[in-house]
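Position one of the sequence shown corresponds to residue 43 (my numbering), numbered consecutively onward.
If you're looking for bench data, these hints aren't it; they were derived computationally from the structure. Each residue gets a CB set at the ideal place from its N, CA and C atoms; glycine is no exception. Hints are not guaranteed to be accurate.
What the hints assert, rightly or not - Beta-carbon label-pair distances, calculated as ranges:
1) R162 with K300: 34 to 44 angstroms
2) S165 with E241: 28 to 38 angstroms
3) N358 with T181: 41 to 51 angstroms
4) E295 with H269: 24 to 34 angstroms
5) N420 with G123: 14 to 24 angstroms
6) S171 with V434: 23 to 33 angstroms
7) D299 with S193: 18 to 28 angstroms
8) D381 with W412: 37 to 47 angstroms
9) D188 with T428: 18 to 28 angstroms
10) Q179 with S424: 21 to 31 angstroms
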Amino acid sequence: MADDLVAMQKTLIFTLATAGILTATYGGIVGLFYKALGDPSASLPLYVAPDVPDARQHRIPSPFGHRTKAMEVVKGVDLRGKVVVITGGHSGTGREAVRALARAGARVIVLARDVKRARRGLSGIANTSVEYVDLLQPTSIDAFADRYVQSGRPLHILINSAAIMATPLERDDRGYERQFATNVLGHYQLTVRLLPALEWAKGARVINVASRGHHAGGVLVDDINFHHTPYTGMRAYAQSKTALILLSIKEDELWRDKQIRVFATTPGPVPTSDLFAAGGVGHKPNRQVALGRMVAGTLRAVHATEALNLRRRPKNEGDLYKTVQQGGATATWAAVSRDLDGKGGVYLEDCDIAPVVPAEGRAPYGVKSWALDVNVANRLWSLCETMTGVRVPTNGA
Numbered sequence: 043m044a045d046d047l048v049a050m051q052k053t054l055i056f057t058l059a060t061a062g063i064l065t066a067t068y069g070g071i072v073g074l075f076y077k078a079l080g081d082p083s084a085s086l087p088l089y090v091a092p093d094v095p096d097a098r099q100h101r102i103p104s105p106f107g108h109r110t111k112a113m114e115v116v117k118g119v120d121l122r123g124k125v126v127v128i129t130g131g132h133s134g135t136g137r138e139a140v141r142a143l144a145r146a147g148a149r150v151i152v153l154a155r156d157v158k159r160a161r162r163g164l165s166g167i168a169n170t171s172v173e174y175v176d177l178l179q180p181t182s183i184d185a186f187a188d189r190y191v192q193s194g195r196p197l198h199i200l201i202n203s204a205a206i207m208a209t210p211l212e213r214d215d216r217g218y219e220r221q222f223a224t225n226v227l228g229h230y231q232l233t234v235r236l237l238p239a240l241e242w243a244k245g246a247r248v249i250n251v252a253s254r255g256h257h258a259g260g261v262l263v264d265d266i267n268f269h270h271t272p273y274t275g276m277r278a279y280a281q282s283k284t285a286l287i288l289l290s291i292k293e294d295e296l297w298r299d300k301q302i303r304v305f306a307t308t309p310g311p312v313p314t315s316d317l318f319a320a321g322g323v324g325h326k327p328n329r330q331v332a333l334g335r336m337v338a339g340t341l342r343a344v345h346a347t348e349a350l351n352l353r354r355r356p357k358n359e360g361d362l363y364k365t366v367q368q369g370g371a372t373a374t375w376a377a378v379s380r381d382l383d384g385k386g387g388v389y390l391e392d393c394d395i396a397p398v399v400p401a402e403g404r405a406p407y408g409v410k411s412w413a414l415d416v417n418v419a420n421r422l423w424s425l426c427e428t429m430t431g432v433r434v435p436t437n438g439a
């Protein structure tokens with residue numbers, strides 16, 4: 043009996059010591075991650091500036107919000123018989139959208155540059171398949187689009203979610219700035235080449251995943267490749283995300299009569315996403331990218347997002363960090379919500395239509411006016427046609 047008591051005491055001491063070590067380690071990791079983010083939002087005052095009145099960009103309102111998870115959006119939604127194509131769907135917020143849409147019964151085709159890695163990321167998710175597409179390789183985009191259109195299948199939902207973020211200046215084989223080429227031109231080409239299949243669906247939706255990062259600046263239409271403008275990774279990223287919002291406006295204008303509606307969305311601030319962790323893919327050493335992804339996965343597993351929010355205590359809801367499950371909600375909502383029937387060409391945030399916010403100042407939500415400028419959208423559209431050589435086919439084509 044005494045031996046049993048001693049054994050129990052030793053077990054208890056070991057358990058408490060282990061818990062203490064894990065707690066200290068967890069707190070240290072969260073603290074280091076918090077410092078690495080360099081996020082000033084915790085010290086910012088409550089944002090109180092009025093929204094800018096706009097005929098299209100105003101809240102519905104929606105039954106969902108900032109903390110909604112992708113799985114919550116598809117409760118009661120039946121997508122059996124529907125086909126979804128998504129880029130960037132094997133990790134992070136894109137993977138959460140895939141999980142939700144597949145759970146609702148859709149057949150989801152995930153396009154990826156690294157097919158093996160994508161299949162590993164989708165392991166255990168039913169109704170999914172992976173096909174090769176490299177958004178920096180136009181021939182790979184055409185190859186997939188040709189196969190899909192030739193199959194005669196309608197495409198009900200297209201989600202353009204893949205992105206690279208804040209990379210050093212680099213140009214693709216055509217001489218185009220790499221972030222614009224990947225985030226914008228690749229998705230433009232994919233969408234236009236899949237247009238026949240979208241039209242066959244008779245009610246398709248296209249979702250271009252943008253970002254609140256568009257607040258950092260508009261599109262440099264006259265210097266899109268930064269030949270004259272000083273380059274920073276975040277400025278180029280902001281340009282690419284603003285461009286996706288502008289393209290959504292133009293695409294919706296062109297295709298609404300074909301029963302294709304187009305939306306731009308933002309996942310919100312998701313510090314544990316793989317996009318954040320691997321923002322320098324192609325520039326960082328592979329081991330550093332792999333380490334970043336491992337850290338992001340670990341932080342997700344230990345619910346670091348919640349711990350970061352407790353530590354930061356931001357005054358504005360829009361500054362609350364989201365989990366990847368929450369980050370995938372708005373794109374999912376854009377794909378399935380009946381509240382959006384008859385609507386399109388708008389920017390969505392927190393599972394609702396985002397209001398327009400003043401161009402000056404730091405708003406923790408909303409869309410800036412430069413991302414809604416129809417004249418710039420028209421110029422950008424012409425630029426994408428010229429840069430890719432891909433144009434919307436006419437009825438006689």
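Going through the hints against the structure:
| no. | hint | in the structure |
| --- | --- | --- |
| 1 | R162 with K300: 34 to 44 angstroms | 37 angstroms, holds |
| 2 | S165 with E241: 28 to 38 angstroms | 34 angstroms, holds |
| 3 | N358 with T181: 41 to 51 angstroms | 45 angstroms, holds |
| 4 | E295 with H269: 24 to 34 angstroms | 30 angstroms, holds |
| 5 | N420 with G123: 14 to 24 angstroms | 36 angstroms, violated |
| 6 | S171 with V434: 23 to 33 angstroms | 28 angstroms, holds |
| 7 | D299 with S193: 18 to 28 angstroms | 25 angstroms, holds |
| 8 | D381 with W412: 37 to 47 angstroms | 27 angstroms, violated |
| 9 | D188 with T428: 18 to 28 angstroms | 22 angstroms, holds |
| 10 | Q179 with S424: 21 to 31 angstroms | 23 angstroms, holds |
Violated hints for the displayed structure, listed by number in ascending order: 5 and 8.
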